[in-house]
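2 protein chains.
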Amino acid sequence: MAASDPTGGRPVDPSRGALRPLGLAEARITAGFWADRQRVISEGSLDHARAWMDKVGWTANFTIGGATGPAEHRGREFADSEVYKLIEAMSWETGRTPDPARKREIDELVALVGGAQESDGYLNTAYGRPGQAPRWSDLQWGHELYCAGHLLQAAVAHTRVHGPGPLLDIARGVADHVCETFGETGSTGVCGHPEIEPALVELYRVTGERKYLDQAKLFVGRRGHQTLPAHQFGWSYFSDDIPVRDATVLRGHAVRALYLACGVVDVAVETGDDALLGAVREQFDRTLARRTYLTGGMGSRHMDEAFSDDFVLPSDRAYSESCAAVAAVMLSWRLLLATGEVRYADVIERILYNVVATAIEDDGRAFFYAHTLHQRTPTRALPDDEEQLGFGGGPRAPWFEVSCCLPNVSRLLASLGTYLAAGDDEGLRIMQYADATVDTRLADGRRVALEVATAYPADGDVTIRITATDGGEWPLTLRVPEWAHGATVTVDGVTEQAESTITVRRAFAVGDEVHLHLPVAPRFTTPDPRIDAVRGCVAVERGPVVYCAESPEREPIGDLDLLRVDQGRAPADAGDGVDVWGGLATAADNAWPYDHPAGDDPPLGLIRLLPYHRWARRGPATMRVWLPTVQSPRRRSTDG
Amino acid sequence: MAASDPTGGRPVDPSRGALRPLGLAEARITAGFWADRQRVISEGSLDHARAWMDKVGWTANFTIGGATGPAEHRGREFADSEVYKLIEAMSWETGRTPDPARKREIDELVALVGGAQESDGYLNTAYGRPGQAPRWSDLQWGHELYCAGHLLQAAVAHTRVHGPGPLLDIARGVADHVCETFGETGSTGVCGHPEIEPALVELYRVTGERKYLDQAKLFVGRRGHQTLPAHQFGWSYFSDDIPVRDATVLRGHAVRALYLACGVVDVAVETGDDALLGAVREQFDRTLARRTYLTGGMGSRHMDEAFSDDFVLPSDRAYSESCAAVAAVMLSWRLLLATGEVRYADVIERILYNVVATAIEDDGRAFFYAHTLHQRTPTRALPDDEEQLGFGGGPRAPWFEVSCCLPNVSRLLASLGTYLAAGDDEGLRIMQYADATVDTRLADGRRVALEVATAYPADGDVTIRITATDGGEWPLTLRVPEWAHGATVTVDGVTEQAESTITVRRAFAVGDEVHLHLPVAPRFTTPDPRIDAVRGCVAVERGPVVYCAESPEREPIGDLDLLRVDQGRAPADAGDGVDVWGGLATAADNAWPYDHPAGDDPPLGLIRLLPYHRWARRGPATMRVWLPTVQSPRRRSTDG
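Same order as they appear, the protein sequences are chains S and X.
Residue 21 in UniProt numbering is what sits at position 21 of the first sequence, and the numbering runs on without skipping anything.
Residue 254 in UniProt numbering is what sits at position 254 of the second sequence, and the numbering runs on without skipping anything.
Read the hints as simulated data drawn from the structure, not as lab findings.
Hints may contain errors.
[As the list claims (entries may be wrong)] Here are a few chain S residues that face chain X, going by a calculated C-beta distance under 8 angstroms:
{"#": "1", "residue": "Arg-129"}
{"#": "2", "residue": "Gln-232"}
{"#": "3", "residue": "Ser-236"}
{"#": "4", "residue": "Ser-315"}
{"#": "5", "residue": "Thr-525"}
{"#": "6", "residue": "Asp-528"}
{"#": "7", "residue": "Leu-562"}
{"#": "8", "residue": "Tyr-594"}
{"#": "9", "residue": "Pro-628"}
[To be verified] What the simulated footprint calls covered on chain S by chain X, stretch by stretch (three residues with Cβ under 8 angstroms from a Cβ of chain X suffice, anywhere in the stretch; the number is not a length):
{"#": "10", "segment": "156 to 166"}
{"#": "11", "segment": "294 to 302"}
Every residue, glycine too, gets a C-beta built ideally from N, C-alpha and C.
Produce the entire structure from the sequences given, and follow the hints as far as they go.
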């Protein structure tokens with residue numbers, strides 16, 4: 001194909017599919033919940049991440065061996081990729097909000113990166129120099145193709161926002177070198193960490209260079225044949241256990257599996273391979289049904305940052321890496337565009353409000369790597385200037401030895417506006433609700449524009465006002481979230497029930513309003529009985545937001561391990577929280593914990609819950625999402 | 001003190017305490033459950049382990065650099081210790097059952113080991129040679145003191161069975177070198193893996209050499225001051241986070257924590273430091289109450305083979321390493337001897353029947369490293385000749401890259417007879433029940449002997465017949481397990497209720513019989529409500545044995561994730577199993593697994609359970625210990 005409009009400002013830009021994505025300039029968040037989270041990134045996280053990358057030497061790595069550069073590579077073998085993700089985030093951010101100073105910063109970073117590129121196109125600061133391991137000597141753990149992938153994605157973002165430039169040239173050099181090294185007649189290896197696959201397809205979409213798509217297809221086909229060396233974690237860790245077409249569920253390292261799935265969708269869409277698309281849909285659908293937390297978080301094993309077996313979803317050992325959330329949004333968005341199925345937009349909303357919104361501190365300068373759903377021992381205050389070595393059990397940390405998550409969440413939030421809406425064959429679909437403006441062209445070229453006004457998710461009323469249209473008929477489709485039983489749409493005083501999606505088809509006039517009402521009253525949610533970790537518990541959700549009980553040290557509720565709630569009394573709105581009836585059970589101390597006598601039901605009172613995304617913002621605290629219910633008295637039975 | 005009788009054949013030999021241990025020759029298992037498990041070791045595991053250690057090069061490591069030796073060290077940095085544990089196991093075994101061929105094998109192994117000792121006493125095959133890291137250059141991960149500790153333990157065992165010899169000389173050389181290197185004026189470091197601490201005290205007990213005890217005391221005092229380098233796992237992994245006297249619970253790597261605690265008890269006992277003994281008791285008691293599986297297994301995190309927070313005891317991610325079970329028996333035995341408190345014998349029994357008995361295949365040639373309590377995906381057949389890299393999810397494996405567990409369980413089983421009974425101030429206490437003979441002297445020097453006859457644990461009747469006594473009065477004390485409500489003791493036709501312990505004090509005559517009746521009818525056990533992982537479940541126990549539901553592929557029950565049992569109908573004996581009423585619930589496939597509608601109760605029928613220690617002996621299978629109960633219908637409640 002010819003290259004798509006390279007400057008469309010779209011995070012992903014497939015050439016076919018049920019829906020057409022909009023660009024940054026076409027869909028803009030103007031105020032409210034997500035505007036606040038975007039400001040946290042633009043005013044805090046980008047500078048914070050840059051400062052840390054300078055401090056820990058990841059930017060200076062690009063000058064290794066130069067006159068003023070360091071003698072040795074610092075950081076982990078994938079440190080380059082963090083710089084690339086930061087460039088990508090800054091690129092989307094400057095597309096959202098022009099900022100000449102930030103643009104100059106990007107240019108300087110691009111020049112820095114370009115200075116490390118070899119004459120044959122190869123670019124990685126950890127390999128190939130004197131004293132370093134040779135290029136491609138460790139495909140399993142070396143992350144060279146992974147880093148190359150993130151470089152390509154940064155170049156794609158920068159090009160879609162600012163047009164072709166030096167970063168695109170650098171990326172093409174890297175991609176050409178990859179195609180030469182790993183092409184039909186080259187090495188038959190795959191990278192231990194997928195990422196090059198979607199990146200090559202996206203670069204193909206920007207440049208029209210077919211060999212990049214072919215190379216991505218090659219990599220997808222090679223995966224799953226156990227060509228990587230055996231390892232304690234098993235081939236599943238690398239998604240190298242089963243060929244992509246034969247697998248039935250995502251498994252192994254969550255981010256690896258999700259990035260690979262993104263690349264598989266991209267290859268399937270661009271090559272028209274519906275069987276391949278069907279395979280990855282089946283895998284993801286089963287993953288959503290059996291290996292996903294209530295928050296949309298993925299990955300329940302700390303050891304290998306991995307999916308576990310079906311229904312192994314322990315709250316207190318939830319890994320649910322921020323990067324897995326970003327990757328799951330990327331995958332869901334691709335599947336939404338390819339299929340038009342609204343449930344993928346539901347998934348995106350769930351992940352956004354309950355993992356992405358939870359990840360970053362309000363000043364943008366600290367973040368969660370993993371997202372537990374049950375903090376049993378109080379989080380502890382962390383110093384501002386210390387890199388953390390471990391990923392769990394703490395509060396948001398300023399930096400980790402592996403700090404992929406902050407730039408990853410940043411690149412998603414900076415481009416979040418584009419996830420609000422999409423075009424379809426005839427009209428426009430609104431997928432996420434926020435104060436926003438949309439100004440785009442329909443498939444037939446007619447310009448339409450509208451404003452969205454809402455206090456969502458605090459409130460479930462959404463007003464969409466048409467601000468530009470040509471007077472002809474077109475359909476406006478609204479997503480009704482799966483939880484919104486009893487939703488209604490009102491147009492011209494006529495109210496209709498709405499479920500899944502509702503389409504208003506008419507000759508809109510400027511000033512016309514469509515009112516969507518989503519009932520966001522708090523509700524109890526019960527889990528599948530196969531999830532052992534939360535049997536006998538309920539969760540509280542309100543609209544798209546998962547709630548939790550938090551016991552901060554300065555206003556403690558008590559030992560949350562003993563919390564019990566009465567499922568018979570409905571949860572109720574209470575200011576910015578939700579109240580449930582509950583209390584703390586009694587339990588014996590330091591007794592053998594089995595053959596336990598039935599305890600008395602605790603005296604009940606109101607327990608105030610808060611949105612999960614607001615937890616750990618009030619100092620050291622314990623927390624839990626799933627709330628054990630008051631049990632009927634246990635019966636004891638023995639034979640004898 | 002003067003050295004204790006060096007040839008007493010006791011696995012641990014404290015100079016003071018509430019109870020006096022017996023030696024291998026004094027307490028012998030003659031038939032039954034444990035005799036069978038001992039035979040598995042003597043006829044299978046010892047040769048199997050030796051063959052694998054030869055195959056993977058661990059024995060040949062001791063000839064590195066020699067004329068016919070290998071050029072490079074093979075295996076992990078602690079491979080020496082496995083050879084030492086095997087020598088220890090063989091030593092106990094030859095004490096239990098004289099075997100000249102095995103004795104020659106030990107002598108050859110000792111000669112092999114001795115050949116690698118340096119002139120200054122240092123002995124480790126992985127350090128200090130050309131091309132190897134320098135001695136003591138990596139205390140955190142190098143395991144040099146750990147290996148030295150296991151060498152000392154092997155020498156202690158060999159000496160207690162066969163008297164002083166070359167292995168004791170080698171060990172003294174190593175210990176002297178350790179004392180010189182790490183003494184008051186030497187290095188102030190500690191080993192990343194405790195083990196040297198109890199080993200030095202035991203060597204002191206054998207030799208009377210006070211400096212070994214002093215050195216152990218030094219090591220114990222140095223632990224917990226965060227002198228090891230920072231690591232992702234935290235200082236707690238090494239028990240180096242909190243000084244031994246200040247800690248309140250065991251934490252971090254389970255085997256590390258338990259070995260250290262053994263050494264702490266040994267130091268406390270030999271130095272008369274009751275405060276130190278109290279500290280470790282408090283830690284272990286809290287560990288038993290909050291961090292121990294129903295089986296007695298310890299360690300619930302795969303990532304760092306570690307204890308988790310209180311009450312984090314997921315069945316499907318149970319780590320419960322075989323070595324942790326051995327270490328917990330060692331610690332419980334030390335505390336039982338020190339305090340006389342019968343509950344530590346209860347702990348030993350629980351661990352023996354439910355972890356130790358589970359660990360080894362019936363031919364002795366495969367073993368579990370970790371002990372899951374819930375196998376969700378079927379175990380798979382493993383080839384006989386492949387070393388496994390990972391530790392979970394499989395059946396018993398012939399060998400692991402890290403194969404500490406087989407020799408560790410072997411050394412415990414070979415010496416198991418000595419755990420049956422102990423002497424007290426006046427008489428004799430029977431702690432574990434098996435077909436056995438005891439022939440020993442009371443504290444006052446009088447000889448007593450008895451025979452124990454029982455089909456325990458299949459049956460709860462135990463007959464103890466006096467076979468030697470001088471006609472004078474002495475007390476015979478029997479342990480009544482904590483689960484044995486309604487136990488009775490009958491002597492001369494008079495029956496008494498018995499709880500915790502019961503003492504029969506009389507002038508026994510040869511031929512007198514004491515009958516103990518322990519009710520072993522199957523019972524439901526309910527967990528502490530703070531253990532989220534098993535809320536709403538029951539377990540089935542019968543006597544000391546934990547039962548499980550197993551679904552082997554060749555006789556499947558069905559999807560055990562859906563199993564529900566009726567807690568209102570008592571479990572019942574059924575041949576070699578136990579029957580409960582239960583069935584498989586229905587569940588939606590591939591639906592979002594939260595906001596789950598109440599399912600119908602399944603139709604119930606009899607489900608046959610088997611002893612947990614018998615699982616995974618019928619080919620590929622799924623399995624679960626904790627059984628969800630049939631729930632009353634869920635209520636749904638929302639506001640709005």
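So which of those numbered hints doesn't the model satisfy?
1, 3, 10
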